[in-house]
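Asks: Residue numbers (the numbering used here), protein chains in the order written: chain H, 496 to 837; chain V, 496 to 837; chain F, 496 to 837; chain L, 496 to 837.
FYI, nobody ran anything at the bench for these hints, they're computed from the structure. Fair warning: this is a prediction, and the values are worked out from it, not measured in the lab. One should not assume that every hint holds.
[Unchecked claim] Some chain H residues judged to face chain F by a derived CB distance under 10 Å, without partners named:
| # | residue |
| --- | --- |
| 1 | His525 |
| 2 | Asp526 |
| 3 | Gly560 |
| 4 | Gly742 |
| 5 | Asp746 |
| 6 | Thr763 |
| 7 | Thr764 |
| 8 | Arg770 |
For glycine and all other residues, C-beta sits at the position ideal for the given N, C-alpha and C.
Protein chains: 4
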Amino acid sequence: MRVGIMTSGGDCPGLNAVIRGAVLNGIKSHDQEYLGFLDGWRGLLQGEFMNLERSMVRGISKQGGTILGTSRTHPFDHPEGGVDGVAAALDRHQLDGLVAIGGEGTLAGAKRLADAGLPIVGVPKTIDNDLGGTDYTFGFDTAVQTGTEAIDRLRTTGESHHRCMVAEVMGRHAGWIALHTGMAAGAHAVLIPEQKVTMAQIAEWVGDAEDRGRAPLVVVAEGFVPEDAEEVHTPLGLDRHGRKRLGGIGDRLAPLIEDMTGIETRCTTLGHIQRGGTPTAFDRVLATRMGMGAADMVADGDWGRMVALTGTDIHRVPLEAALESLKTVPQHRYDEAALLFG
Amino acid sequence: MRVGIMTSGGDCPGLNAVIRGAVLNGIKSHDQEYLGFLDGWRGLLQGEFMNLERSMVRGISKQGGTILGTSRTHPFDHPEGGVDGVAAALDRHQLDGLVAIGGEGTLAGAKRLADAGLPIVGVPKTIDNDLGGTDYTFGFDTAVQTGTEAIDRLRTTGESHHRCMVAEVMGRHAGWIALHTGMAAGAHAVLIPEQKVTMAQIAEWVGDAEDRGRAPLVVVAEGFVPEDAEEVHTPLGLDRHGRKRLGGIGDRLAPLIEDMTGIETRCTTLGHIQRGGTPTAFDRVLATRMGMGAADMVADGDWGRMVALTGTDIHRVPLEAALESLKTVPQHRYDEAALLFG
Amino acid sequence: MRVGIMTSGGDCPGLNAVIRGAVLNGIKSHDQEYLGFLDGWRGLLQGEFMNLERSMVRGISKQGGTILGTSRTHPFDHPEGGVDGVAAALDRHQLDGLVAIGGEGTLAGAKRLADAGLPIVGVPKTIDNDLGGTDYTFGFDTAVQTGTEAIDRLRTTGESHHRCMVAEVMGRHAGWIALHTGMAAGAHAVLIPEQKVTMAQIAEWVGDAEDRGRAPLVVVAEGFVPEDAEEVHTPLGLDRHGRKRLGGIGDRLAPLIEDMTGIETRCTTLGHIQRGGTPTAFDRVLATRMGMGAADMVADGDWGRMVALTGTDIHRVPLEAALESLKTVPQHRYDEAALLFG
Amino acid sequence: MRVGIMTSGGDCPGLNAVIRGAVLNGIKSHDQEYLGFLDGWRGLLQGEFMNLERSMVRGISKQGGTILGTSRTHPFDHPEGGVDGVAAALDRHQLDGLVAIGGEGTLAGAKRLADAGLPIVGVPKTIDNDLGGTDYTFGFDTAVQTGTEAIDRLRTTGESHHRCMVAEVMGRHAGWIALHTGMAAGAHAVLIPEQKVTMAQIAEWVGDAEDRGRAPLVVVAEGFVPEDAEEVHTPLGLDRHGRKRLGGIGDRLAPLIEDMTGIETRCTTLGHIQRGGTPTAFDRVLATRMGMGAADMVADGDWGRMVALTGTDIHRVPLEAALESLKTVPQHRYDEAALLFG
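Using the sequences provided together with the hints, build the complete structure.
Replies: Listed below in structure tokens is the structure:
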């Protein structure tokens, strides 16, 4: 049985553990043979791949990133893509199945292809933990751990200088990383896209913490927007390529907080360090198990579904489960965290 | 409302986060006032405590160990203990409730006391993750992460010297730490108390790994006993090569593996480094939420129960849930891991 | 003997180890008694301090920041400052000596005060390692280690996405952090204030690395200015408080590198995480020894001098040694590192 | 110019950085070509090697261990060894020079070979930092950092259980690792081979720490022997309390300390985790610079010498410098550390 595997979209700690888990389980349990396509769908459609013998996945589960490379190529936007294009690629490589490791876009593409009869299984990947159908996605725990360690460092500077520290973490549409990082780091305010909060409320939390002699810590997700404060929305200007020129929400909030509270405030944007590097043990185990589960799904010809975690069990759910809606932070989880603010 | 709180049994990363979570939520949501008893039941029965004002729990969730201290005192073995003794102590301190953070012994004691009508709630604590009723206990993730990082270091020595490395991790009665650490570290064999394995099988796994050019890695739980190999059970002394025979199972296995495979083998016993130090973000979040949940239970007078994690939710279960049977590694989880051995 | 001690200027990992070293050695070897002034010179001049009994410095050498707090107050700018003001403060607190832990400004102030006959000794502090008279200053090793770990994480993202990663590290006037972090992380280009480099040269290094199939890594010190590229100098706009609004050199270089090489380029500014948090063992040992040395200097009445590291020895040098010139990266050290670029 | 390179003796963090530094500098500055011999002298004498093209050393400076493997083979004990054997091997591989990375045995062998006219340069390697002629050897800083992090974890257990913790670190003949780890971790006693200390003195330090409410921490080098206490030397077996008596000095000291002080005492032997894994940034920089320096020595035909660190400079010293005497901890360094004991 010949199986293709690829990683698509933003990189995420644990991708290599998924690849290793699938390849080892495929070889040892199902006599499968793996082709690793390079840079996601692009490699599949353009025929770029590496043969994943067992020795190729040796010791990679502790490596961040993906040995296959990744890209944001979408199977339906690519000139040689679409159902026919992907079907042709699978034929060309005599593949009996394809393991697509990726986020919303990849899984949506995988669903359309599977619905059209192509032998595809999915592995959900998002560092933001905002895909439905699974309790957690791999990479999230590493992002939270890395962010928490970085913020532990920021705090000592805040305390020594009696400053308010703002830490911007990842999370465009969902605040899971901010919620867990903030709770782990003991933040006095956590700001996430799901929750509208006024600048006055933020200033109150910051002020209350300072009144108790603390150096206020604010953890903000990149996708947060305050309910008011027009100033926050004023564009900082795009560069000539239309790329956002610097200045995430954290950099914009810091001077506002300083103005409103009179407390010297500094922002650090953690950025890419949250999504790279050695995965935590939690993510290595989760990703390895998901990869092994994907190889089993292929062996069973259980197409159009993906692996998922429920409690401590790896099982299978329809791809729809990940797609029907973004998994955002529910109100009760934010309320729980908010009890510790201020 | 006056509430007592204490930590009992072996220390565990996350204990301070539980204390902080309970105290902050208790103060802010329920107008509770906390007395922290020193060294577990001993402090309660002998009247040694500290008043846990908010400032006392400041920034402690990132600290390992417990600010209250701990001991193995059992409430029914202590001269001033038993139902009457504990009831008297609760009266003496005018306590409306008690939060008992501990393992099997403490929760069993708490159940007997609650059954006798005393206002007690529990928080399950075991670094071994072997208590029922909850998906995970805090401290386990830290132990696995610390063990995995240590074994990542051992591997480079094994590979440079073409040695087999044996790493002994904690786990007297359940192999959860060994299972997760071994899977995360890419072990060629994981040996746990739940599974009888012959020395021949171990030697085969080690030999297979070496045949593929790997430096074999064996992760063994302290409670593992091989199915055969009387020699392993022989009293301490020198082995037949005059090498000193050490105490733990890992130290005993190493020379046997070396004899059977001809591969130079060394053991490292990780010991106490697995149970101390800064908790992972995962454990800080889990422990904080459990502490907050315990304060809510006290506010509700929901005695005789404990907080537990199911999936991503903190909820409440009867104390029996933790006690009816040891939560050991199920066969399918070991079989899953074993696919990666050799 | 009553001794004052204070920490001034930017915080730095190791400050608490200096305080602990001075207090413990002072108490045990010299029967000294320590007053810790709060927020640097401000606390001395305004009479805010804490008595540093032995218990106050318990276990603090592993804590980042400074338990005394810090500020940028300069002894000659403060209304109650100047030689007379400081002399009066020393009298008021009946101090026989003062240990001033700080950077260039503090040591220059300390020299003027010592020249005027006041009993002051110095401990050199700069995370940038740019003070003369000593091989290393504490905090530098921690900044390099933290930066290197962060960049190790960035690399996996660069490699998975075939991107050029730019990492901006600290170093306004000297490139030591960039030089060591870049060499430790295997950077393909290191850009420091001491060295004028053209955009064309930077693009060549980046292009060469990519030609060899690498994901180019550029480590740039915040104080670097390219020899050309006017665009880099165009102001990104100041906010209404005249604070630099976002956009360090790294954020400005990234789009230029992308334009010149056609390689997708992203910047991460490590910022404050480099100067906070638990010090490395190297810095704990160095800082502890410097603190102990300062207590000995006070006992000897060896005023107007500071502790310094030469090779592995802690000894004493005149304060001038730190002040005569900024310790920048010498040409031969940059040339050595540059052999590994591209 | 064809150059051989090899790593011999115990593995050490930084070996790969030395190899990378030598190969990159050799290729880029001196048009050298490198053959990497496997498992030290054995590979050279038996003709096992890999060609070290630039791509072979890509990204290895952050990897622990050695990509070349190592062994304890001595060039004068090996049947095909000796001056003639090594000379023949150099001829056979048409080598113009050899870089020998190793400890005392390897450098002594290198000296005899160089004295006999063979083109050999040395790179000093010992995790124990006990080679003369250089301020530090690479690997030492990593061992101290890893040991300090592990002991930071042990402390929380000691404090929670009011126990004395004994940590055994490496150091057969010299106590550098124990001295620096102990000072960094805030040990109440540091025991090293260079210093005879009585059990009574150890018990006094431990007791004093406990009297001040601390959980005593003892850091002992594996080579330490108490001045008295015959019992420590008694063969393995059970102590008088029937507790199993383990192998290392730490395991033997713990019950003695407990007997003499009445304080519950536990030992953890850090073992191999100190010598493996990712090197610290300090060691990566030091090892890279030493490797680069070795390539320069080969280019200059500067045989019979080795690279060394003095202050912040890499320079060259005769091999004798490393061999004339073991670099042990001088009395003043122990006295300095001892001021913090108890």
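Asks: With reference to the structure, classify each hint as holding or not holding.
Replies: Results of checking the hints against the structure:
{"no.": "1", "hint": "His525", "in the structure": "27 Å, violated"}
{"no.": "2", "hint": "Asp526", "in the structure": "30 Å, violated"}
{"no.": "3", "hint": "Gly560", "in the structure": "3 Å, holds"}
{"no.": "4", "hint": "Gly742", "in the structure": "4 Å, holds"}
{"no.": "5", "hint": "Asp746", "in the structure": "5 Å, holds"}
{"no.": "6", "hint": "Thr763", "in the structure": "4 Å, holds"}
{"no.": "7", "hint": "Thr764", "in the structure": "7 Å, holds"}
{"no.": "8", "hint": "Arg770", "in the structure": "6 Å, holds"}
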